[in-house]
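A.B. asks: Make the full structure from the sequences, and use the hints.
Going line by line, the protein sequences match chains A and B. Its first residue numbered 1, the first sequence is counted upward by one per residue in this note's numbering. Its first residue numbered 1, the second sequence is counted upward by one per residue in this note's numbering.
Treat the hints with care, as some may be off.
[What the hints assert, rightly or not] With the C-beta cut set under 8 Å, the calculated list includes, among others, these residues of chain A facing chain B:
(1) Ala118
(2) Asp189
(3) Val200
Source of the hints: derived by calculation from the structure; they are not laboratory data. All residues carry an ideal CB built from backbone N, CA and C; glycine is no exception.
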Amino acid sequence: MKLAISKDLTANSYIIWSELVKNMKFLMAYPVVFVFWTIFPIFWFIPFLLQGQAFVGGLQSPEFAKLAGTPNFVAFVILGGILNSYVLTSLYGVGESMRREAYRGTLDYLLSSPCNKAFILIGKAMSQSISSTLYTITQLAVCILFFGIEITLGVIMPVLLIIILLILGLYGIALMLAALSLRYKQAHDLAHTLENIFYVFSPVRYPVQSLPSWAQMVSAILPLTYALIAVRSLMLLKYNVTAVYYEILVLFIIDVVAIFLGFYLFNWMEERTKKSGTISHY
Amino acid sequence: MTKTGERMQGFKRVSCPAGVSWANLKAELRAIWESNVKVWKIELAYPISFLRECVQPLVMLLPFLLYGLILIGGRYSEALQGLLGTVNPVDVVTYIFTGYMVMGFIGTAIWAMGFSIRREQWFGTLEAIYVTPTSRLSLVLGMALHSTLHQSISVGIEFLVIYAVFGLALKIQGILPALAIFALMMLALYGFGILISALALFLKEGWIVAEGLYSILMILSPVAYPLAVLPNVARQASGVFPTGSALIGMRSFLMEGYPSQGVGTIFLHLLALDAAWILFGILVFYLVDVYIRSRGSLGKY
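C.D. replies: Structure below.
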C-alpha cells in the first residue's frame, strides 16, 4: 500500500517536473517573448504616470490621497501595474494553455495519457509562476532604479506570501478558463473578458472607493483587489502586517474556493469533451 | 483531343487587367471591397466576439477617465490649462475622450492592417491569395477598410456611453475640419499599417513588434497628456508619427478655448507625413514581398 502511494507520488511529481521543463524550454526558445513580458508592462503604466503629472502639475495629488490614503500616485500605479501582470500571464498563460495544446496538435495525446490531468495543469501553473515572478522582479528592479519605488526588507516576506496567495487564486480562475476552453473553444474571448473585468473593477489604477457601489461588489470577489490593498498597505502606507490580516484571510478563502471549483470544472469538462468526441475541434 | 483539352473547351478565357488602366483600378477596388466583405462575414460569424471587440475600447478608456477624475477631484484641471495655454481650466473628460478616440485607430493600423496577411497565413489561405493576379496591397487595404469601419462603430459606442454618463463639451462646428485632419492622419497610419504588415510577414513573432510599437506610440502621442510633459527626445520622436499633430489639430477644432495657432502647419506636417509613411510602407512591403518569395518562406511559421 505504502509502495503504491510512493510510486504514485513519484509519477505525479515527474509529470509536474516534465511539464515545467517543457514550458521553460518554450520560454527559452523565444527570448524575445521573455524580454517583451519583462519590459512592456512598464510601458503600459507610463502613460498613467505622465497623465497624472500633467493633470496635477507634480507627482503628488492631495485629492488622490483622500481616497487612496497616499498622494503618491506614481507608486500606487506602478504597484498596480506590476501585480496586474500576474493576471495577464495567468489568464493567457495557464487559461489558454489547453487551447494552445490543441493548436499544436498535442491536446489529444495529453488527454489520452494515463495520468491525472490536474498534475499537468499544476506543472503549467508552476512554470507560469516562475516566469511571472522573474518578470515581476525585473520590473520591480527597473521601478526602484528609475521611479524611486522604495522597498524595505521587513515587508518582503509578507509581500511574497500575498503574491503566492494571489497566484493561487488566479490559477484557480485560470483552471476554470482552461476547462471552458476545452468545451467552448473560444478561450481568447473568455480570457479578454476576464482581463477586462480585472482591469476595470480591481484597484489597479484607482482606489476601489472611486467605483460605484455595484462595481465595488464585483471588485470584492476578485483576488487582485485584496492583494493590491494588502501590498500597497505594506509597501506604500508602511502599515504593519497585522493591519492586513483581513485581506490575507479573504485571499486564502478565495484561493480555496477558486482552486476547488477550477479542478472540479476541469475534470467535469474533460469527461464531457471526451464523451462528445470534440477534443480536436476548433 | 486530350482530357485536359476537353475540359478546357467549356471555359471562356478571361484576361486579367494589368498596369495603369481604368479597368485595372476598377478590378483592384473590387478586390479591396471583397476583402472587406470577407472579413465582415468572418467577424459576424462570431457575434459574441464581435460584441466584445466593439465594447473593448470603452473598457480600456474607463480607467484613464476614472483615474484622471480622482487625481484632480473633479473634471477641470488647472495644471493642464497651464501646459496647454487654454483660456479656462481644461475639461479632462473631453480631453481624454478625444485622445483615446484617435488611439483606437492606431490599433486599427497596427493590429488589423499589420496582421491582415499573417492572419491569412493562420487560416491557410495566404498561398492561394498570393497566386491570384491581385495586388497584395489591395488585400491589406481591404482589411484597413473593414477595420476603419469596425473602429468607427466602437468610437460611436464610446461616444454614446461617455456622453450619457459624463457629458462631453464638444464644438459641433469643429467636426468637419477635425474630420479633415482625421482623414489625413488615417492616410499616414495606413502607410504605417502597410509597413507593419510587411514586418509581420518577415518576423514570425510579429505580434511582439506590433504590441511594442503600439505601446511606444501610446506614450509618444498626446492621448491623455500634452507632449510638454515628455522629455525633449521623446517630443522630437513624436513628430515622426501623425497622431501628435492630428490630436493637437483636432482638439483645437473640437474643444472650447483650446489654442488654435499653427493649424496650417499641422495640415502641412500631416501631408508630409502621409507622403513619407505611404511611400516608405509600400517600398518596405514590396522589398519584403520579393525577399520572402525568393527564399520560399511564405508559408513558414
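A.B. asks: Taking the hints in turn, state whether each one holds.
C.D. replies: Results for each hint:
| no. | hint | result |
| --- | --- | --- |
| 1 | Ala118 | violated, 29 Å |
| 2 | Asp189 | holds, 5 Å |
| 3 | Val200 | holds, 6 Å |
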